[in-house]
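Chain by chain, the residues:
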Amino acid sequence: MKTEEIKALIEKALPGVKLKLVRESLLVENAADLPRVAKCLKEDPALKFDYLSSVTGADYLTYLESVYHLYSMEKKAGSIVLRARTDRANPRLPSLVPIYRGAEYQEREAYDLYGIVYENHPDMRRIFMWDSFEGWPMRKDYEQEDSETLEAADVEWLEKRGVKVSDADRAKAEELRKTGKRAVAQKPTGSPEA
Amino acid sequence: MFYGYGILQGMWVTLKQFFASYFKKRGQDGALFTVEYPEQRLPEKERFRNFPFLIYDKEPENLRCVACDICAKECPPKCIYIVREFDKDGKPLKRPAIFDIDFTVCMNCGICEEACPFEAIYMDHEFEIASAERNDDLLYHKDDLLKSNAYFHKIRPNDATAVDAKLKEAEDKKKAAEAAAKAKAEAAAKAPPPPPPAAPGTTPPPQPPKPAV
Amino acid sequence: MNKGEISPKNEVQHDGQTLEINVGPQHPSTHGVFRMNMVLDGETVVSLKPVMGYLHRNHEQIAENMSYAASMPYTDRLDYFNSMSNNFGWSLAVEKLAAIEVPERAQYIRVIMAELTRIVNHVSVIGFLLNDLGAFFTPVLYAFREREKILDLFEEVSGARMMCNYFRFGGIKYDVPQSVLERIREIVDKFPKFLDEFETLLTKNEILCMRCQNVGVLPAELAVNASITGPMLRASGVNYDIRKVDKYSIYDRFNFKVPLGKKGDVYDRYYVRVLEIRESLKILDQALKEIKPGEIMNKKMVPFLKSPRNFKPPVGEAYGRVEAPKGELGFYVVSDGTPQPWRYHVRAPSFINLTILEDLCLGHKLADAIVILGSVDIVLGEVDH
Amino acid sequence: MESIFVNLKGAILGVLGKFMPEWTMPIHSIMISITAIAVLGPAIMMYLTLMERKVVGRMQNRIGPNRVGKWGLLQPLADGVKMLTKEDIVPKGADPVLHLLAPILIVAPALLLFAVLPFGKGMIAVDLNVGILYFLAVSSTTTIAIFMASWGSRNKYSILGGMRAVAQMISYEVPMVLSVVPVLLVVGSLSTRQIVEAQASGWFVLTPWGFFGAVFFFLCTVAECNRSPFDLPEAESEIVAGFHTEYSGMKFALFYMAEFMNCFSGAALTTTLYFGGWQGPGFLPSWIWFFLKTYSFIFVMMWFRGTLPRLRVDQLMGLAWKFLLPLTLVNILAAGLWYYLGGILKFFIPLVLMAGSFTILTWLNKPYVPEKREYQFAD
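Chains as they are written, first to last, in numbering that gives the first Met the number 0: chain A, 0 to 193; chain B, 0 to 212; chain C, 0 to 384; chain D, 0 to 378.
Next up, chain A with everything else stripped away, as it sits in the complex:
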């Protein structure tokens, strides 16, 4: 079944739910509708998308997104991709755990890495990082060190081991040390999504 047909089917079954086709996937425009859409996908006899394969977050600079890949084990059909968007400042999305148990750890992972809070999740904690960790490491604005630039400590380390460091690198490292900054990787400016 094509994504357009599924879209029409859901819109018929759930009046008031706004869906948008984005790259062969369905964007649920009002995120609060997500559980209803998922339930419809799971229980509609024509669809029976009973298997939630993957849940993941994504950062598109102006908003955060949660992407769901659904398949049907009963009909051996698929896939349908659902998306829901939320703002970066206070990212909140409804949890799908009451409908799909399989979302439990994956939503925790998305929370851990992107900071998307899934409401109604039974156990919303960090899963990989320790509890006191600050920041959301997979967001594009997370400060990452630039592994290509040498810092003063690196220069010192190298020279102690007999590696000659070029003057340009040394000057750069010295400048960083003086300003008290760290070598920070460039943050992306444009996102692939319009």
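Any given hint could be a false lead.
Unchecked claim - Below, a list of computed lysine to any residue pairs in the SDA-like style, where the Cα atoms sit at most 25 Å apart:
1. K243(C) with Y374(D)
2. K192(C) with A30(B)
3. K371(D) with Q8(B)
4. K148(C) with L41(B)
5. K6(A) with V314(C)
6. K305(C) with A169(B)
7. K321(D) with V125(D)
8. K95(C) with R22(A)
If you are wondering where the hints come from, they were derived from the structure by calculation, not from laboratory data.
Model the placement of chains B, C and D on the given structure of chain A, informed by the hints.
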């Protein structure tokens, strides 16, 4: 069958293996398969890859590396650090002044070997490089990395022959092109001089990676 | 249980006099640095909370900061038992994203390698399961004896025994010489004999049956709802094998069956794996008969081997999934037209299979919890990605 | 050859007799026996570790230790040196007294057991008329030492292991004693020497009750020694190392030593009770026969270890109480029938009785019997 028969069957299997390990010859079913390492060794496979090394032709000064920095850029864990050599006038030379590989970081993936356009870096078979000092002894400098083409022929005969053939072909082509260009230049006496052969050094200036501290 | 509702975790009655222990992160049978926070009443598990992340390295972010091809060796390190399957998943996702064709011989070699990995994985997992049961290393060493032969092949073909880094977008790195194909044939012919012996040692063993049957029962409904995949799902009786469903690569050309269990307990999970090895051998047998000489790389993709950074897939996204030995291994990749992926996500099967670990273990003994964890088949490189 | 050790002892006593007063002679005799046993115990333990590693290694198609000395023969010495030089760690918050006493208390009874073992003709340290009772009583004190170790080390895994050990060892003592009863009934004595001598005409294992008795007694011995498949108190895959998780160095070695010496004495008692002790064809000395038989039982224990997975706690208890206990009771009846019946019935009726009760018990213990499974093959 009675209760416990499955257990007896299983015990029969282990007993058979017990005797087989004494009486069967290596290679047969149930024979010993331990290779007693320092004395016995498995045959080396030609494609076996461990850490990279740099190839030179004939003399160590003649290394193939032109310090283009491609391997350092492509290296997934960024364990290669290259600084190009400059002559007295500050003109860049086609050879590295520094070529360091941090073997504590290297993950033996072989991407440097694949990406190198000059057939200069290849994966070695040498794996007994354990040392007591983690940082100092496993940071390999240019001189430690240099190995001759003959060595390459020894460990990987097929690959080395193919590479030699490829290089020779490229050189012949270059010579032919040069000769043709020369002839052309002589023919057109007052034409502008031919452009120099495309130098590999036209890649952007190298940016050294940061070794793990 | 209402269909479509979260299954209620069966509460275990106890008098409150409990003992809390941490099984792991340094414990002989947690298969790595995995921790289970257990509350015991006597020896009965009252509550169990998995704690993970000790091996977390933010694999996804590493991949987002480098070229597509440079992620290939990193996928080896996800499920370090099955690097070939991981390579398969990642190359499938990128090939879907950039619409790259793969030549036929390369497809055959890919299938052969993936099935060999499945055999390696299943046979050693059975060995480890027996270790968790308390057998003193015998099954695992028999398994490793056979695994060694296959790993030697991998070394000959790809240059490394475990971290193969063998697949490339649009093909494979090296061709497989005829001599190696003959050796694979030899292994395929001899393997059933070894499996028979292995089964004599284990399948009917009364102690193994006592320990495994009716332990950690996973009903089919819960398995589907909790996104369980792989042999664990099929042991519960759900017929879902991505090789059959998606027919990716050239799996539609082979004649093989999907073994299904009924009860979904540890014993079924063990035996379904044994049967899957036998099916894999069938696939290998057919593939070895049908493989023909030919190209191993898509011509269009050859230049990108030398310059991975020039490979820029068009803007878009793709989700490639394969039936890895542990379950569905999915790679979700979003391209923004630059040499680096904008978003790279791994759907790690053993991570998601852990979701229902607590449900399976509650009410069982401590010893059973260890066995159930062993039957889930986790590799911490993948769980903590 | 036959009485080389007996003569050796006599010779030493003879030499001593020239210097020492007459009344000290019994003390010297005892001291010589004690010295022999005290040397024998650790020596047996050391080489059993090597034997276990070799046997299990070969079952797994490995070589086993072979680096220290020819065939690894010096490996036990190297291990001993390593154990002695290791740091002795007492966990913070542990009970230092119990922690120290436990390994000592576990080795002492293991050595005491050797006193009543008839190693050969006339080679018995003390011929007690209650030898078997002494053996069973002393061997059961190991439980206390294990519990002290588990309690004293203040570790949750140790506690779990200690609880398992206590439950297991007390449970298995019951069928163990009951499986010895037929032998005592037939021989009419508790002395190990007399039991061996009573088997001069035929080993007890060749009778129906003796065969089953030997099997049950051996299984109980394996369970008493905490060896696979009954090694729950130290189940390494579940509770790390059980009651000796927090022990290191020589204290740990003492636990190991006790385990192996218990193994040896258990196998030796099986030999004594059912396999004719030191009796055997005359071309070999009696003590060689004894050691041959004993070591073949130790080999079987190692064979178990190399083959079998471990039981679960409840199944272990079930095996003792629901399976071995009734069967040993029936076995006593079988022994009585064997004693009073004649002709072919003598063998036939006890066999039928045992086979019948075995079948009935298997049927009663449904959860322990493997289910038949069927598997579908879908497309």
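Status of the hints after comparison with the structure:
Proximity of K243(C) to Y374(D) is assessed by CA-CA distance (about 18 Å); at most 25 Å being required, the pair is judged to hold. For the given pair, K192(C) sits about 15 Å from A30(B) by alpha-carbon distance, which is consistent with the 25 Å threshold. Taking the CA atoms of K371(D) and Q8(B), the gap is about 17 Å. The hint holds against a cut of 25 Å. For a cut-off of 25 Å, the pair hint linking K148(C) to L41(B) stands: about 12 Å separates their Cα positions.
Between the alpha carbons of K6(A) and V314(C) the distance comes to roughly 23 Å, so the proposed pair stays at or under 25 Å and holds. About 16 Å separates the Cα atoms of K305(C) and A169(B), which keeps this hinted pair within 25 Å; it holds. For the hint linking K321(D) to V125(D), the alpha-carbon distance of about 37 Å lies beyond 25 Å, and the restraint is violated. Taken as a hint, the K95(C) and R22(A) pair is honoured in the structure, with Cα atoms around 14 Å apart against an allowance of 25 Å.
When the structure is compared with the earlier hints, a violation turns up for hint 7 alone.
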